[in-house]
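J.: Starting from the known structure of chain R, fit chain L onto it as the hints suggest.
As a plain string of letters, each chain reads:
2 protein chains.
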Amino acid sequence: MYDPTEATKPSRHAERVSYDEASVHEILDEALVCHVGFVADDRPQVLPMLFVRVGSTVFLHGSTGARMARMAARRGGLEVVVEVSIVDALVLARSAFNHSANYRAVVAHGTATLVQDAGDKEEFLTALMEKVAPGRAGDARRPTQAELCQTAVMALPLIEVSAKIRTGPPSDEPGDLSLEHWAGLVPIREVRGTPEPAPDLAPGITLPAYLQPMTEVRGGA
Amino acid sequence: MYDPTEATKPSRHAERVSYDEASVHEILDEALVCHVGFVADDRPQVLPMLFVRVGSTVFLHGSTGARMARMAARRGGLEVVVEVSIVDALVLARSAFNHSANYRAVVAHGTATLVQDAGDKEEFLTALMEKVAPGRAGDARRPTQAELCQTAVMALPLIEVSAKIRTGPPSDEPGDLSLEHWAGLVPIREVRGTPEPAPDLAPGITLPAYLQPMTEVRGGA
Chain R
329 MYDPTEATKP
339 SRHAERVSYD
349 EASVHEILDE
359 ALVCHVGFVA
369 DDRPQVLPML
379 FVRVGSTVFL
389 HGSTGARMAR
399 MAARRGGLEV
409 VVEVSIVDAL
419 VLARSAFNHS
429 ANYRAVVAHG
439 TATLVQDAGD
449 KEEFLTALME
459 KVAPGRAGDA
469 RRPTQAELCQ
479 TAVMALPLIE
489 VSAKIRTGPP
499 SDEPGDLSLE
509 HWAGLVPIRE
519 VRGTPEPAPD
529 LAPGITLPAY
539 LQPMTEVRGG
549 A
Chain L
329 MYDPTEATKP
339 SRHAERVSYD
349 EASVHEILDE
359 ALVCHVGFVA
369 DDRPQVLPML
379 FVRVGSTVFL
389 HGSTGARMAR
399 MAARRGGLEV
409 VVEVSIVDAL
419 VLARSAFNHS
429 ANYRAVVAHG
439 TATLVQDAGD
449 KEEFLTALME
459 KVAPGRAGDA
469 RRPTQAELCQ
479 TAVMALPLIE
489 VSAKIRTGPP
499 SDEPGDLSLE
509 HWAGLVPIRE
519 VRGTPEPAPD
529 LAPGITLPAY
539 LQPMTEVRGG
549 A
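So the protein sequences, as listed, match chains R and L. Here our numbering is used: position 64 in the first sequence is 392, and no number is missing along the way. Here our numbering is used: position 80 in the second sequence is 408, and no number is missing along the way.
Just chain R, with the same shape it has in the complex (with noise of 0.2 Å):
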């Protein structure tokens, strides 16, 4: 990510994503957060949305009032770029210069059309909710058509993607290796804490067998 010594050794793929669609899979499914792209007054815009895939298309939640939507809804379609990454770990180089981060990323071009149909519409909140905590969706209220109508939900097929992926150890010069620095992995992971209930969360509800324990959402170096 940060090495430019590193940038062409980790294998790269840019073609359509029945070239690789488990890895570009993997790592969609294992993220929470992606970057959304697109351009608006002639500037770049970037924003983090929530998001779901499905098969091969990405589901990108947002409201009906925001400019994405609205650009979407004028133009039949927004031309967007999505972008995904999941930093493993630090790499620790002997020399500064081969310093860098093992992580795992995807990035899809393509153009976004706003999803119109509520069946549709409550299924990509179904399969977020599932996404974030498995066993969710069937313990939550479901939508009702007012709330489906604001509920902008965006759809862009996976089509022009690539993943990009740095693992393993340090790549340092041959002549660093005898320097009394240490170097090794500092691996990276996200871990969910203990539930923390409502406030106004009404007594004897406890806490569902599918949020005990602490999971831990995605693994190390």
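Treat the hints as calculated values from the structure; they're not laboratory data.
Put simply, identical chains are the same to the list, so a pair is met inside one copy or across any two.
Straight-line alpha carbon distances no greater than 25 Å define the calculated SDA-like cross-link-like pairs of lysine to any residue that follow:
1) K459 <-> K492
2) K492 <-> A368
3) K459 <-> H509
4) K459 <-> A446
5) K459 <-> E501
6) K459 <-> V519
7) K492 <-> S391
8) K459 <-> R470
9) K459 <-> A350
10) K492 <-> A394
11) K459 <-> I493
12) K459 <-> G496
13) K492 <-> G521
14) K492 <-> M399
15) K459 <-> L476
16) K459 <-> P515
17) K459 <-> D504
18) K492 <-> R395
19) K492 <-> V367
20) K459 <-> I533
21) K459 <-> E524
22) K459 <-> E518
23) K459 <-> P497
T.: Just chain L now, with coordinates in the frame of chain R:
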């Protein structure tokens, strides 16, 4: 982030950084990765990059051969948007519609320019190492002139910047409060695991003190 009903509820600042410099800096200093948007070939582009804030400037790291750096060199600067976001908790409401996330995000627009001076580039590398692992800059080989030449550093002054933050419990509709669904927050945090020495680490080099404790790099809900 994903709940349209929340979109107007969190405090939203969109003004010069002087307005809420402290919270903008805190978010930038906590996040390892930023998402850099720019326009190339008339299309939106977003790339993940390691970065560091020094004073009121965000420094981005890339390869001199990368498209962003080449475009900035050719044009004397490149219009970018830098987005950073940290998810602190999942917000599980009684209704599907009111599900959300607690997060802190920063978006900064402006023209990023290439840092030319070798001394400034080295200062950037030092600041980045110290951000990633405080103490590390003194425990790594300094860059050579050739390495600094291969290092593209871009600087974005924090002038047009906004922060968006959601905190607190779910916001359910009054009529939903008596439903039997659990509601509350699931905290998410990033932790660092036990450092893993490089396979070719010379015998006798032990883990330095600054890497010893398993440090939590960001807090919960």
